[in-house]
Amino acid sequence: MIRGETAGEAMDQNLQQTVEIETLNELLNELDYYKILQVDPLSPMEVIERAYRAEARKLHPDRFASHPDREIKRSANKIYRMVLESWNTLSDPDARDAYDTELEDGRRRMSEEAKKAAEEAAARAANPIHAAQTEKGLKFWRMALRNWHDKEYSGCKMNIQFALNFEPDNEVFKEWLEKAGAAATEDANENRNPYKLRIV
Amino acid sequence: MGISVGIDLGTSNSCVALFKDGEVVVLSDAKGNKTQPSVVAFGHGSHVVVGHKAKRQLIYAPKNTVASSKRLIGRRFGSDQIQRILETTAYNIVEGPNDDPRIEIQDHNYSLPEVSAHILRHMRRIAEDETNEVVDQAVITVPAYFNDAQRQATRDAATIAGIECLRILNEPTAAALAYGIGKGHRQHIAVYDLGGGTFDVSIMRLDDDLFEVISTAGDTFLGGNDFDHALASELINIFERQTGIDLSEDRQARTKVQEAAEQAKISLSSAEEVQINIPKLSSDNGIDYDLRTTINRHDYAKLVIPLIQQTFVTCDDALAQAKKAASQMDHILLVGGMTRYPLIQEAVAQYFGKPPITGVNPDEVVAAGAAIQAYNLTQSNTETASILMDVTPQSLSVRTIGGFCETLIPRNSQIPTSVSKNFHTAHDNQTEVRISIYQGEGRTSEENDLLGEFVLNDLRPAPRGEIKVRIEFEIDADGIVQVEAEDLETRLSRSIKIEANSGLSKEEVASATFDEIGF
Chain R
17 MIRGETAGEA MDQNLQQTVE IETLNELLNE LDYYKILQVD PLSPMEVIER AYRAEARKLH
77 PDRFASHPDR EIKRSANKIY RMVLESWNTL SDPDARDAYD TELEDGRRRM SEEAKKAAEE
137 AAARAANPIH AAQTEKGLKF WRMALRNWHD KEYSGCKMNI QFALNFEPDN EVFKEWLEKA
197 GAAATEDANE NRNPYKLRIV
Chain H
7 MGISVGIDLG TSNSCVALFK DGEVVVLSDA KGNKTQPSVV AFGHGSHVVV GHKAKRQLIY
67 APKNTVASSK RLIGRRFGSD QIQRILETTA YNIVEGPNDD PRIEIQDHNY SLPEVSAHIL
127 RHMRRIAEDE TNEVVDQAVI TVPAYFNDAQ RQATRDAATI AGIECLRILN EPTAAALAYG
187 IGKGHRQHIA VYDLGGGTFD VSIMRLDDDL FEVISTAGDT FLGGNDFDHA LASELINIFE
247 RQTGIDLSED RQARTKVQEA AEQAKISLSS AEEVQINIPK LSSDNGIDYD LRTTINRHDY
307 AKLVIPLIQQ TFVTCDDALA QAKKAASQMD HILLVGGMTR YPLIQEAVAQ YFGKPPITGV
367 NPDEVVAAGA AIQAYNLTQS NTETASILMD VTPQSLSVRT IGGFCETLIP RNSQIPTSVS
427 KNFHTAHDNQ TEVRISIYQG EGRTSEENDL LGEFVLNDLR PAPRGEIKVR IEFEIDADGI
487 VQVEAEDLET RLSRSIKIEA NSGLSKEEVA SATFDEIGF
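Protein sequence lines, in the order shown, are assigned to chains R and H. Just so you know, we're using the numbering used here here: the first sequence kicks off at 17 and counts up by one. Just so you know, we're using the numbering used here here: the second sequence kicks off at 7 and counts up by one.
Chain R extracted, bound-state conformation (with noise of 0.2 angstroms):
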């Protein structure tokens, strides 16, 4: 059960346990007790519970006694207190149940909050008013979009040109360049109409 190791193998084991606690410790945040021990939520007990096992004895601080980033000790004892943490509540089926709630809740939360924030987004993009980022570029964008409403294509276009001086990375000021751009174009051939009066 001990065995003697070759340098090599050493700095494997070190590189290995890096890898996999730079990861872990990314998405602690994110993760609830069960994707923390990596069961179902539906598991029973004895699942956990060798889960739990399993996940401490690959994560207890002993493992990293030798490790010689302290960084990565230090995120390996909060991960492995995080085990603990999940084990002590999943374990006690009183304070499982408490947390699943807490869970479904946080979860449904979360999903109404999310669909909140993908109407607001989808709100935002029917409007290309919001696609303004600075108080210049507002300025002369309002402008352009009067002027698309009004029909006024080649005033948009310039409007358009100057919103972009000030903001020259706006994908969305682009775009509507190109269609000012395209309806002035066939205006202007629209135009060579004589006849056509021009509403001031």
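Be aware that one or more of the hints could be misleading.
Stated by the list, open to error - Not the full set, but computed from the structure, chain R residues with beta-carbon under 8 angstroms of chain H:
no. : residue
1   : Q29
2   : K51
3   : A72
4   : R73
5   : H76
6   : P77
7   : D78
8   : A81
9   : S82
10  : N93
11  : Y96
12  : R97
13  : L100
Since the hints were made in silico from the structure, they are not lab data. Being a predicted model, the structure only gives us computed values, none of them experimental. Ideal Cβ placement from N, Cα and C applies to all residues, glycine included.
For chain R, the structure is supplied; the task is to place chain H on it using the hints.
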């Protein structure tokens, strides 16, 4: 780079072991002794003797010879336990600068970590002599029921001795590791550890290479010493009945009686009765009086049965905490020199309903486990090492209004663990918050041991309750408490070490270490 050993720093005896080439070797001195008395004798000047030689000095120079110092380490001078001990030790104990006991010998005061450091250094020398290698790291064992201050003081002792302490390991856990390694199958065991000065019981679950402590309970003031005291008191009573002389003020005579009591205890483990004969124990009006009496097993049992019963009260508690019955234990592991005695073995067998495991040396098994753990912690490849999951023996709490203690980390929580709590100011314009940390099971702070206090200052003056401070309490793998505070307004955090709870400040430990270079 030196080697790492395991050291069992016992109340009566200490032992050092090394794990090498897949097996444990218990290291012995030049005379072949595998354990050393934990006795430190101070001679003239800086001359210090430790071990068997020191124990011999106990009889003729009791005032300069420190035995059972582990009973004092990490305790406050004003505590009941120290006040009780003051009456029974031959050496002088005085109050140190941090409410810690110091041992006064020839106008010099020694702190307890310094005394323990002498023992550790002695053990290291034995290990170095036998292995011809430099020993610079060790796993050091302590009773499972030791609190933060006692653990911290033991760590300080290692620092003073120039040894890097890899881990403070609980004695029953160490014993289980030595016993259970390679046993493979799943089992529950109870470790009954009755040493020279302390009693611990741990309920454990072994599963392949995973050693999990479910609960632990103990009494840091119950051990072989108390068995000897019980017999010694009886002998002193007998002497008084025979001669009318009261020995309670005569330190030298008491040391002799104590020694005789210990010898009698050893004899009674094999003999039915023992003759006690101390010539010239005392004199009155120029006439010498001897102590002569006979003690048989039955007499002895009557004296010590209350002490044995006390251990089972502690066992009841540990089992209740683990939610197990005595009969659910697959094996009972005996640890500590006291468990050699048939009287104890029989009582344990009766309590658990099965005979304890035989074939484990109760004096060496703790050091052996410590040696295995030292190996585990220094291996670069830890994938194959056994894993110990231990618990904190006593609840950690903070003092709240009215002197009550609010538990933050309940006892038998697995370690390492942490918990955080928000504190807020109680008065307008309060610029500091004082936090007192306790260990123990009492509801009020008076019933518990004060671990330390710290003050968070420089808070912004504001109406009460507005300033919030988040404090994180952590118990590390050594069972030692770390505290970190964060001002929630400024997000400034600082870590606070509870200092001077062992009797020595960081500076004192450093200066004690420095002295050693010239030693």
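Here is how each hint holds up against the structure:
A distance limit of 8 angstroms between C-beta atoms decides the matter here; for Q29/R the minimum to chain H is near 5 angstroms, and the interface restraint holds. Interface restraint check for K51/R: the shortest CB-CB distance to chain H comes to about 20 angstroms, outside 8 angstroms, so the restraint is violated. Restraint check, A72/R versus chain H: the minimum CB separation of about 6 angstroms is within 8 angstroms; hint holds. Here the hint on R73/R is kept, as its CB sits about 5 angstroms from the closest CB of chain H, short of 8 angstroms.
Nearest Cβ of chain H to the Cβ of H76/R: about 5 angstroms, under the 8 angstroms cut. The hint holds. With 8 angstroms as the threshold, the beta carbon of P77/R comes within range of chain H, its nearest partner Cβ sitting at about 6 angstroms, so the hint holds. Look at D78/R: its Cβ gets to within about 6 angstroms of chain H, closer than 8 angstroms, so that hint holds up. Residue-level restraint check for A81/R holds (minimum Cβ-Cβ distance to chain H is 4 angstroms; threshold 8 angstroms).
A distance limit of 8 angstroms between C-beta atoms decides the matter here; for S82/R the minimum to chain H is near 5 angstroms, and the interface restraint holds. Among the interface hints, the one on N93/R holds; its C-beta lies about 6 angstroms from the nearest C-beta in chain H, closer than the 8 angstroms criterion. Evaluation of the Y96/R hint against chain H yields a held restraint, the C-beta minimum of about 7 angstroms falling below 8 angstroms. For R97/R, the interface hint holds, the least distance from its beta-carbon to any beta-carbon of chain H being 6 angstroms, beneath 8 angstroms.
Given hint, L100/R at the interface with chain H, holds; its Cβ is 5 angstroms from that chain's nearest Cβ, closer than 8 angstroms.
Comparing the model with each numbered hint stated earlier shows that hint 2 is the single one that does not hold.
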